[in-house]
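Taking the hints into account, I'd like the entire structure generated from these sequences.
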Amino acid sequence: MQNEQLVKDLQAILGSAKVLSEKLDLLSYSYDSSFMARNNRFVPDVVITPTSTEEVSKVMKYAFNNNISVTPRGAGSGETCGSLAIQGGIVMDLATWDTIEEIDAENMQVQMRPGVIHAELNKRLAEYGLFFPPDPGSSQMCTVGGMVANNSSGLRAVKYGTTEQYVLGLEVVLPNGEVIVTGGVNCRAIKNVSGLNLTKLFVGSEGTLGIITKIRLRLWPKPKARGILMAVFNDLEQAPQAVLDVYKGGILPSGIEILDSSAIKAVNEYKPDINLPNAEAILLYELDGNPASVKWEGEEVSRIVGLLAANVEWSTDPQRMSELWQGRAVTATAAARVREDGSRIFAGEDISIPLNKVTESLKKIKEIGKKYGIGVVNYGHIGDGNVHTAPVINPEDPEEVKLGAALADEIHLLAIAMGGVTTGEHGVGAVRSQYARKEHGAALDVMQSIKRTLDPKNIMNPGKLLPEEGNKHGTSTSSGS
Amino acid sequence: MALQQVPAVKDLLRKCVRCGKCRSVCPIFKEIKNEGAAPRAHVFLTQLMRDGELGATADVAERASRCLLCKSCSKECPSGIPVDQMVVAMRHHLHDLNNDTTKKLMLNHMFKDRKALGRARFLLQSYQSTGIKSLVQKTGVLGLVSKDLDKANKLIAPVSGTMASKNIPETAPAKGKRKIRVGYFLGCATNMFYPKRARDTVEVLTANNCEVFTPSDLHCCGMPHIANGDAESAAAMTRHNFKIFFDAGVDVIISDCASCSSMLQGDYYDQLFQELPEEIAHFKGKIYDLNKFLIDHVDLNNDLGQLPAVKVTYHDPCHLVKSQGVTKEPRQLLNMVPGVELVEMVGADQCCGGAGTFSMGHYDLSRKILDRKIQAIEDTGAEILTTSCPACSMQLGHGLNEHAMPLTVKHPVEFLAEAYRQAKRSTKIS
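From first to last, the protein sequence lines stand for chains H and D.
With my numbering applied, the first sequence covers 1 to 481.
With my numbering applied, the second sequence covers 1 to 430.
By construction, these hints were calculated from the structure, which means they are not laboratory data.
Remember, it's a predicted structure, so these values are computed and weren't measured experimentally.
Be a bit skeptical, because a hint or two may be false.
Label-pair restraints from in silico Cβ distances [to be verified]: (1) Thr51(H) to Ala309(D): 40 to 50 Å; (2) Met405(D) to Thr51(H): 24 to 34 Å; (3) Leu276(D) to Arg339(H): 35 to 45 Å; (4) Gln306(D) to Thr96(H): 44 to 54 Å; (5) Gly80(D) to Asn275(H): 15 to 25 Å; (6) Met447(H) to Gly55(D): 41 to 51 Å; (7) Leu276(D) to Glu300(H): 36 to 46 Å; (8) Gly55(D) to Thr96(H): 23 to 33 Å.
No farther apart than 27 Å at their CA atoms in a straight line, the calculated lysine-lysine pairs in the DSS-like style are these [as the list claims (entries may be wrong)]: (9) Lys30(D) to Lys123(H); (10) Lys75(D) to Lys265(H); (11) Lys10(D) to Lys177(D); (12) Lys402(H) to Lys30(D); (13) Lys23(H) to Lys424(D); (14) Lys248(H) to Lys224(H).
Just so you know, even glycine gets a beta-carbon here, dropped at the ideal spot from N, CA and C.
So this is what it looks like as structure tokens:
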């Protein structure tokens, strides 16, 4: 179909204000944070901004009847090309549809449309003493719809789990335009084992099975107290042991973060005021709950960790906690500071490793970096084995781009070889589908048959999550990673 | 300077990871809500232009014009990218496409030097005071000439009396023993629309042992020019202005205009000068916003009279809070004045949508941003609005007028001056 006709048809469905077709608009929807998007231009044919289930349904019916691919999108803060139209077609920007429809404080639930920003949601919920615990680094910009589609999590997943544990039900528009509800959208029960769990099928499906148009989340009471402990290690190997020892002591912190020596250096160069101690590794433990338990747990974790660490600092002072936590918060960005002409790239950045293999993985990643002559800053959620790596290259040097891609490939394969997975929270998108067969084996065939059933024409975010059937090497798009 | 040579474009563009943090703080994105309006889209378009994937077209110029240069994104960018500098570079690169007659008139004739400003003021005052303005507004004739001229007609504050520069001596001696010789950069907007503010500035400085040198032959600071892509004019005016202060041997330069002090401090020097001229290098680190100078560098005279009780609120100009980090000083000044009760508004540090000529070119968008601000002001119940930028004063004054709110807009220094005068009056009476 000619673009002109496509635009006209969509304008007839949605009105012209909700259809973007100017070249500069389309270019602005051609990127996300991924290394792959940096090296390619994934320009959609048209962008639409629907704000009702009816509009989404009409568009999907139209797309289904005309074999046009549709890519749903939130804030475009992803790192895997998940919301990019790598095969062209329609990008459906749902970020403008940002209504919180109901806060049911008594039942500790909230119902909203997909474009609500995570930080905005928690700001509203705080008025009721409630919160939605998953806490991504992109809280200020990412949408809850995107979080559900990617099953994202963040710093506090150790104690509070990931998004999927909070989704009670969804409204979904299927690729053929049919609207279904799953789980608790039309009921208020928290426990529900009725029927196949379709909610979990859509959570983390990365927009490949349908468009999520309504979300009902379970909420938790906001903890009354919080404390942060910084432990400094002269020997990297002792850090993961200090994580396991705390668990063995019967304590579950709300977050345990690691910065290796390169990350410490990067943070100190970026924000000298933070002034982290130079060491092989730093662990940051966050404890939350009621004030008495936080006090006791802080003392106990200090004692346990103190047996291995060179130095331990425990604080409940808001100012000091903010300083310590900021050290972790700026790491992702600070990574680029280790090299003046460099930028960190989002490639091989989200592996998840068994807890007892984290040290080994960090050492091996450093070796891989040396092999390619690329500095790699390591940090992440060591409490659940989710390691973030930040390769720093000059992304405008074609040779380095090639090396960066090869390095990312080795990191992904290392994760699989160590009994881990290629992604813990950022998702698969187009950049990691090539590893699907290795990761899932025969289960991949079942995934593909589910996809075929719900999306027989393969119009729903094609080229993501699952490799094209019959393509042994995953996506056909040149990835750069 | 060619786009490729601008340091921000050459050295920092590659650092953008397109994380979208800038979206979350951009006032324009908050209204338009699609990715094309996000600051990272500006960075991306700059990259495409630099690499020759996009040509210099009217469409690109229109996109580049959709930025307030408020620096919200630059301040928050985790990678430290000065997005506003990229936008300025783009506008410079696209300058030849700017055919707006109103802006050309203003930038090339009104804001070039003091004589031109005086002539413009005379014409404006005649226009405003003879009833022609109301006739023009009723007929809507300006809209036929230029869309922006019609908007400018609504937005420009009334001029009254004479220009400040006519009533301020070139050198005003310190009232006590001179401790410092201050160069007062009297910006065009304060000079033309807020002459009382300028007089109060000099009065407060001289009351605090400062000798104040206010040159009569200053040019515009260049901010409107650089914001509209005319870097050459901005550079020439900056050189001219600094030479005057250098030759006059002042110790520091101050301004009561956030935009002027921000420009003088060097927000865009990298784009204006390959190497910093000696006169400018001499003053690096010696240019202050008036509020900051009074709090940090003057042992303030505390002989302040009691003013009638009044509730005021303060709006942070972007060029102070985001460019210079000045936020507590104006509040400290207000809190010093007996009778003044300062109440904070929600989002005091959020842009008012003015941004100089932006509000003319994008009036409707600017109004949406302004209306949020006016609502925040109304919610405080304040009787007077204070701010430290004449451009913000004008925009906020327009908003208050449109909402039929009877608040006046003042600079904190005006309260201080009034309190000094009140103290003197009280002494005489007693």
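Okay, the hints, checked on the actual structure:
| no. | hint | result |
| --- | --- | --- |
| 1 | Thr51(H) to Ala309(D): 40 to 50 Å | holds (48 Å) |
| 2 | Met405(D) to Thr51(H): 24 to 34 Å | holds (32 Å) |
| 3 | Leu276(D) to Arg339(H): 35 to 45 Å | violated (27 Å) |
| 4 | Gln306(D) to Thr96(H): 44 to 54 Å | holds (52 Å) |
| 5 | Gly80(D) to Asn275(H): 15 to 25 Å | holds (19 Å) |
| 6 | Met447(H) to Gly55(D): 41 to 51 Å | holds (45 Å) |
| 7 | Leu276(D) to Glu300(H): 36 to 46 Å | violated (58 Å) |
| 8 | Gly55(D) to Thr96(H): 23 to 33 Å | holds (30 Å) |
| 9 | Lys30(D) to Lys123(H) | holds (17 Å) |
| 10 | Lys75(D) to Lys265(H) | holds (23 Å) |
| 11 | Lys10(D) to Lys177(D) | violated (50 Å) |
| 12 | Lys402(H) to Lys30(D) | violated (38 Å) |
| 13 | Lys23(H) to Lys424(D) | violated (65 Å) |
| 14 | Lys248(H) to Lys224(H) | holds (25 Å) |
When each numbered hint is compared with the structure, violations occur for hints 3, 7, 11, 12 and 13.
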